[in-house]
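Q: The sequence shown lines up with residues -20 to -1, 1 to 265 when you count with mature numbering (1 follows the signal peptide of the UniProt record, and there is no 0).
Fair warning: there could be bad hints in the mix.
Said to hold, decoys possible - Keeping only pairs whose Cα atoms sit at most 25 Å apart, straight-line, the calculated DSS-like set for lysine-lysine is: (1) K227 - K138; (2) K151 - K183; (3) K183 - K138; (4) K17 - K2; (5) K93 - K122; (6) K219 - K236; (7) K76 - K137; (8) K183 - K219; (9) K122 - K76; (10) K18 - K2; (11) K93 - K18; (12) K219 - K122; (13) K122 - K154; (14) K138 - K122; (15) K93 - K150; (16) K183 - K137; (17) K93 - K2; (18) K150 - K183; (19) K227 - K137; (20) K219 - K151; (21) K138 - K234; (22) K219 - K234; (23) K183 - K236; (24) K154 - K219; (25) K150 - K76.
Calculated directly from the structure, the hints in this document are not laboratory data.
Just so you know, these numbers come straight off a predicted model, no measurement behind them.
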Amino acid sequence: MRTLYLFYLLAFLSIGFANACKNDEDCSLNRICSRWKKVCRCDPGWIGNDCGRLDLAPATRYPGYNHTYEPPSPTDFGIWPNASWGGRIVQDRDNKRLFHLFIVQFSHGCGLKGWRPHSYVIRAESHNGPQGPYEYVQDVSKNFAHNPDFVWSPADKKYLMYSIGVEYDKKLTKCESISYTRWPNNISVSAADDIRVPWSPFKIILDSDRPAGIHATNPSAFPLWTRNNPSSEIVLGIKDYSIFTAKRWNGNYKLKYQATLNVTEQKNPEWTLLYGATSEAAGTP
């Protein structure tokens, strides 16, 4: 009995030591390692001994937008009839039980390999809560639009859609894959008074400037309107933590901040020095 007790005690202690943190990097850079207790104190939204897990409710399989295996169209060039990417959920402003899902699909069955120029945005609806299931309702854009972000601008009383790309007039006759060297990334914006009506033509607001470290992709927009400050100003964050502002959604976007730490997919000394331990632990290349 004494031997069994010692076994469980040693097992408990070994687990405790294994879960102990030595510094903030052991907490996945999602807050701090307690100096005295040697345990991670996680930021809101993160859990786990190393703060490495998102604090999400369990997902239910099969809701969402399950239209990957739609029958192919006679006009398809490829073999992936209805592949999709990403997704942004917006609760209806008038009907709180209605949720809109904006998601990217790839035209002509061309799939993710042909994301540029075959990406376009569609809208789907759920009357059963944000988890869905969602049913297709309408196309929102033409080719080429990718990774869209949607916000409501109280100052303008409009929905704003920011996306990579711009409408592509060329008639597609086969699946293509256009590299950034032939088509540099850019960000465009469109607007609509109602989420169901046709959106305004896309307007390019940012172009990439790779020598200057500006990668115009993956937009996230934040209207600055408040009741105390009914401003029409927009803050726009893009890849690598470059931050732009504009006086209006369709105005001139000016660079306000650019991170000194490069966080692109390319390896660099700064990223390796700061995040190396975490990346190795997670098996990240």
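Q: Decide, hint by hint, whether the structure agrees.
A: Now the hints, each set against the structure:
| no. | hint | result |
| --- | --- | --- |
| 1 | K227 - K138 | holds (15 Å) |
| 2 | K151 - K183 | holds (20 Å) |
| 3 | K183 - K138 | holds (15 Å) |
| 4 | K17 - K2 | holds (10 Å) |
| 5 | K93 - K122 | holds (18 Å) |
| 6 | K219 - K236 | holds (14 Å) |
| 7 | K76 - K137 | holds (18 Å) |
| 8 | K183 - K219 | holds (19 Å) |
| 9 | K122 - K76 | violated (29 Å) |
| 10 | K18 - K2 | holds (6 Å) |
| 11 | K93 - K18 | violated (46 Å) |
| 12 | K219 - K122 | holds (23 Å) |
| 13 | K122 - K154 | holds (16 Å) |
| 14 | K138 - K122 | holds (20 Å) |
| 15 | K93 - K150 | holds (18 Å) |
| 16 | K183 - K137 | holds (18 Å) |
| 17 | K93 - K2 | violated (43 Å) |
| 18 | K150 - K183 | holds (18 Å) |
| 19 | K227 - K137 | holds (15 Å) |
| 20 | K219 - K151 | violated (30 Å) |
| 21 | K138 - K234 | holds (22 Å) |
| 22 | K219 - K234 | holds (15 Å) |
| 23 | K183 - K236 | holds (21 Å) |
| 24 | K154 - K219 | violated (30 Å) |
| 25 | K150 - K76 | violated (40 Å) |
When the structure is compared with the earlier hints, violations turn up for hints 9, 11, 17, 20, 24, 25 and for no others.
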